Amino acid sequence: MSSILQIKNLDVHFGGICAVNGISMDVEKGKIITLIGANGAGKSTILRCISGIVKPQRGDILFNGESILGLSPDKIVSKGITMVPEGRRVFPNLTVLENLKIGAYLRKDNFSEDIEYVYSLFPRLKERHWQLAGTLSGGEQQMLAVGRALMARPSVIMMDEPSLGLAPLVVRDIFSIIRTINEKGITVLLNEQNANMALKLADRGYVIETGNITMTGTGAELAADERVKEAYLGKKREQ
Numbered sequence: 001m002s003s004i005l006q007i008k009n010l011d012v013h014f015g016g017i018c019a020v021n022g023i024s025m026d027v028e029k030g031k032i033i034t035l036i037g038a039n040g041a042g043k044s045t046i047l048r049c050i051s052g053i054v055k056p057q058r059g060d061i062l063f064n065g066e067s068i069l070g071l072s073p074d075k076i077v078s079k080g081i082t083m084v085p086e087g088r089r090v091f092p093n094l095t096v097l098e099n100l101k102i103g104a105y106l107r108k109d110n111f112s113e114d115i116e117y118v119y120s121l122f123p124r125l126k127e128r129h130w131q132l133a134g135t136l137s138g139g140e141q142q143m144l145a146v147g148r149a150l151m152a153r154p155s156v157i158m159m160d161e162p163s164l165g166l167a168p169l170v171v172r173d174i175f176s177i178i179r180t181i182n183e184k185g186i187t188v189l190l191n192e193q194n195a196n197m198a199l200k201l202a203d204r205g206y207v208i209e210t211g212n213i214t215m216t217g218t219g220a221e222l223a224a225d226e227r228v229k230e231a232y233l234g235k236k237r238e239q
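At position 36 of the sequence shown the residue is numbered 36 (my numbering), and the sequence of numbers has no breaks.
Honestly, the hints are just simulated from the structure, not real lab data.
Fair warning: this is a prediction, and the values are worked out from it, not measured in the lab.
Backbone N, C-alpha and C fix where the C-beta goes; we use that ideal spot for every residue, glycine too.
Among the hints, erroneous ones may be present.
[What the hints assert, rightly or not] Label-pair ranges, simulated between beta-carbon atoms:
1) H129 to D109: 12 to 22 Å
2) R227 to A167: 24 to 34 Å
3) D109 to G16: 16 to 26 Å
Start from the sequences, fold in the hints, and give me the full structure.
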């Protein structure tokens with residue numbers, strides 16, 4: 001299957017610090033790809049480069065074979081790439097419905113069906129559609145952030161630490177929804193510290209350490225690797 005997103009020799013420096021060091025990766029269309037690694041490894045920086053928030057010093061990013069490097073974030077959204085940011089970042093003083101409408105701000109067509117689709121994925125949002133987003137629980141805010149990203153009808157949805165700070169039951173719900181979204185044909189690029197759940201979900205994974213790709217393979221291959229088990233899955237290597 002062809003790649004929908006390609007990252008080529010990406011370098012990102014913040015002052016004298018190298019955050020991403022010559023990374024290249026392919027994101028296959030219709031797949032779930034996960035990035036795993038410790039805090040500060042460069043995973044979020046990669047997503048922010050793709051979304052146009054961070055400008056790399058070197059390299060290229062291709063979407064459907066065309067470079068999107070240097071495009072503004074709104075242009076990248078209009079091409080079909082959206083992001084669910086770390087920490088959710090909903091608009092607290094707007095209602096659930098208003099937050100969803102903001103996700104469709106670039107669209108000129110009728111998006112009422114998409115709102116109903118989001119409500120079908122997250123019934124709790126429908127129950128609270130007139131409630132201010134700032135009064136929702138953390139799990140509900142994460143659902144809203146995912147729903148808002150879906151309102152742009154993306155081909156690729158990127159998720160930056162979607163399970164962060166959520167209760168285990170809510171995390172399972174979120175990961176189930178990620179699978180459902182993917183089954184609708186949307187490619188998912190996932191940055192997730194919960195490596196166990198991420199690798200169970202992913203078709204392919206990349207291990208990122210200090211700005212470098214140190215391992216790659218299918219989700220099952222990485223989950224079975226002793227080095228990954230010891231470093232990220234909390235399992236000690238057998239002697």
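* To do: With 16 to 26 Å as the target window, see if D109 and G16 comply at their CB atoms.
  => violated, 47 Å
* **H129 versus D109 beta-carbon gap, inside 12 to 22 Å or not** => 21 Å Cβ-Cβ, so the 12 to 22 Å window holds.
* Asked: Okay, R227 versus A167 on CB: inside 24 to 34 Å?
  -> holds, 30 Å
When the structure is compared with the earlier hints, a violation turns up for hint 3 alone.
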